[in-house]
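Chains as they are written, first to last, in the working numbering: chain A, 67 to 472; chain B, 39 to 260.
Keep in mind that the hints were calculated from the coordinates and are not lab data.
C-beta atoms are modelled at their ideal positions from N, C-alpha and C, and glycine is treated no differently.
Watch out, some of these pointers could steer you wrong.
Distance condition first, Cα-Cα at most 20 Å in a straight line; then the derived SDA-like pairs of lysine to any residue [to be verified]:
1. 389/A x 186/B
2. 71/A x 112/B
3. 70/B x 228/B
4. 257/A x 269/A
5. 178/A x 256/A
6. 250/B x 260/B
7. 123/B x 374/A
8. 70/B x 137/B
9. 163/B x 68/A
10. 70/B x 230/B
11. 389/A x 112/B
12. 257/A x 174/A
13. 462/A x 113/B
14. 389/A x 250/B
15. 122/B x 461/A
16. 222/B x 180/B
17. 253/A x 266/A
18. 96/B x 266/A
19. 180/B x 80/A
20. 71/A x 159/B
21. 71/A x 151/B
22. 123/B x 68/A
23. 71/A x 260/B
24. 122/B x 378/A
25. 81/A x 139/B
26. 161/B x 180/B
27. 462/A x 374/A
Stretch by stretch, here's where chain B covers chain A in the computed footprint (C-beta under 8 Å, at least three residues) [stated by the list, open to error]:
28. 385–394
29. 405–413
Ranges of calculated distance between the beta carbons of each label pair, as one might list FRET restraints [as the list claims (entries may be wrong)]:
30. 422/A x 177/B: 43 to 51 Å
31. 439/A x 232/B: 54 to 62 Å
32. 82/A x 177/B: 18 to 26 Å
33. 99/B x 366/A: 34 to 42 Å
34. 433/A x 167/B: 25 to 33 Å
35. 155/B x 82/A: 25 to 33 Å
36. 82/A x 45/B: 45 to 53 Å
37. 376/A x 157/B: 52 to 60 Å
38. 74/A x 70/B: 35 to 43 Å
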Amino acid sequence: MNIFKLVFLELMHRKSQLISGLVAIVLGIAVIVGIKTVTIHSEIAVAKKLDNLGANILVLPQGANIDDYYTADIDAPTIPMEYVERILTSSLQGVDNLSPKLTRRIEINGKKVVLTGIMPASEIASKPIWQTNGLQGNELKASCSPTKTENQDNGYKDEKLQRKVIDTLDINDCLVGSQIAITLSLKENDKITIEGKEFNVDKVLPETGTIDDDRIFAHLTAVQELLKLEGQISAIEIMGCCNAISDGLLNDLRNILPDTRITTISQIVATQIETNGMMNRLSFVFLIIIIFVGGISIGNYIWANVNERRKEIGTLRLIGAPKSYIYRILLLKAIVLGVFGGICGYILGTIAAVYLGPQVAQIEVFPITIYFWYSLIIAVVISIIGSLIPAYLAGKIEPYSNMQEV
Amino acid sequence: MSLLVIENLSKIYKSKKKTIHALDNISLEVEKGDFVTITGPSGSGKTTLLLTLAGMIKPSSGKISFNDFHIEKASDRRLAGYRKKNVGFVMQSFALIPYLTALQNVMVPLSLVNSRSSIQKSKAKKVLEMVGLEDRIYHLPKELSAGQQQRVAIARALINNPSVIFADEPTGNLDPALSGEILKTFKEINSNQKITILMVTHSPQAAEYGNKNIRLCDGKLI
Ligand SMILES: Nc1ncnc2c1ncn2[C@@H]1O[C@H](COP(=O)(O)OP(=O)(O)OP(=O)(O)O)[C@@H](O)[C@H]1O
Ligand SMILES: [Mg+2]
């Protein structure tokens with residue numbers, strides 16, 4: 067027999083009470099872990115989105131939802147191809163790569179696929195107007211030095227954007243996202259029939275962790291034909307020189323293309339970043355709440371337990387346990403509650419995040435192990451604080467109550 | 039020298055309306071090896087006297103010394119130590135810990151003096167055997183009869199080899215046959231192990247087991 071065994075046996079003796087004492091702290095920890103886990107993954111998703119977009123300015127149809135750009139709904143609005151020419155013919159400074167895209171969600175063999183038509187960089191560059199304006203990358207790079215703070219402000223690195231540029235793409239070729247390649251079991255040089263037309267798989271793209279993994283890229287002209295949307299595109303992605311953006315490139319573009327929505331990616335992700343910020347604040351508020359509610363509920367539980375155990379505490383004092391022993395019994399019990407509450411809260415919160423994350427925030431969510439330790443520490447600290455007063459009062463129980471209460 | 043020396047001991051309970059003299063100027067000496075029986079009407083202060091001697095109730099005035107240890111002015115820690123090492127308690131209501139088996143209940147006082155688990159177990163088994171409970175050691179209190187529970191309580195009181203056992207109506211909840219057995223056990227403990235016993239009882243027969251009898255009335259010794 068020792069104090070640990072005594073505490074353990076008592077806990078086992080009154081299991082059902084244990085559960086009610088733990089509810090508040092378990093739920094509290096679960097909510098915080100859930101919110102934080104989803105938020106962290108949402109932040110990672112934002113970063114990945116930025117990383118993989120390949121452009122920092124988006125030209126979208128007026129009234130198009132930003133989400134349309136990602137989800138590519140069947141009836142999402144479009145803009146005419148001619149807008150590309152307009153940008154090219156204008157003598158705007160600071161437009162580097164520019165890529166018109168047409169995106170639609172389609173089905174291949176019953177599997178959902180995002181089909182995106184792209185114009186290979188070589189074809190745009192080969193347009194006479196592009197060349198006469200002399201807007202070649204090198205000159206732009208000189209003015210877009212990454213050391214300039216403006217570049218950092220928008221959060222992208224030129225090299226990363228560069229690698230996204232697809233130089234050549236044959237009219238009968240397509241590029242396949244890594245996830246789609248798995249679901250449709252495709253590899254390089256396979257044949258695939260999209261909307262009745264046969265394409266050759268030129269390449270399987272490396273995994274990016276974004277919606278691009280579910281995409282098939284094909285030549286813009288071919289996609290327009292397939293979807294019967296000749297001369298229409300869903301968006302123009304532009305890689306603008308960052309200094310140019312701060313010098314008013316967006317406004318210049320708006321002047322040329324009045325009936326479009328022109329936005330930078332930092333604006334797009336701003337809402338998501340804002341939501342994440344709100345979630346972080348929310349979980350902080352929850353933390354404060356569970357410190358109070360969880361602490362009080364544990365304290366209340368311990369106090370009820372002390373009252374129920376008056377006789378037993380009296381007995382222990384009678385056979386020679388000092389007050390400190392009673393304190394230790396109750397604090398040990400509080401620690402066990404805290405550990406148990408922290409573990410249960412973490413598991414519950416993580417399960418909720420993993421299952422709800424994809425539905426609520428459209429992102430994949432994985433357990434975050436460091437939160438296990440945070441949950442444990444927070445729950446234990448709350449339990450100890452909550453049980454200090456009841457433990458102190460228990461030390462004051464006069465043992466003679468033992469004899470008069472038969 | 040006497041084991042317990044009690045001088046002018048008083049305990050006064052004050053409430054709004056009246057003051058109760060639970061113990062009123064009691065002086066008494068108990069020698070080592072005595073078997074003192076305490077009788078008196080209900081409310082006369084018998085329990086209060088035992089608890090005060092055990093250091094569980096602070097007296098209002100007077101002195102109590104156990105050998106050279108002054109109980110009335112000792113700290114909580116010292117008093118806990120005194121009870122743990124020198125005192126065994128047996129109560130009318132048994133006061134066993136409900137979620138511990140007979141064996142575990144008897145082991146608790148040893149765990150308070152930090153003895154090793156294996157030693158705790160062998161000692162506890164031996165004492166339980168002595169009170170005739172060797173075949174019930176893994177039973178919880180609720181699985182034991184009243185007489186068996188009281189014997190577990192006696193085993194627990196004996197486990198630390200106390201100098202003195204305070205027993206508050208140990209046979210109050212038992213039928214006459216069982217009472218006789220328990221009283222015999224006390225008598226054996228007293229004569230074989232030279233453990234001093236102070237036993238409160240209502241029954242005149244039980245009172246005859248002692249070599250000294252004191253009687254309380256309204257907190258006074260008569
Ligand atoms: N905590 C207390 N507060 C106020 N009065 C008390 C308290 N404890 C005991 N008393 C009073 O002190 C007196 C002595 O009580 P005590 O329990 O010692 O009597 P007793 O002789 O053991 O009685 P019984 O034979 O019924 O057990 C009683 O009048 C009782 O009401
Ligand atoms: Mg009494």
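Hint numbers contradicted by this structure:
1, 2, 7, 8, 14, 16, 18, 23, 26, 29, 34, 37
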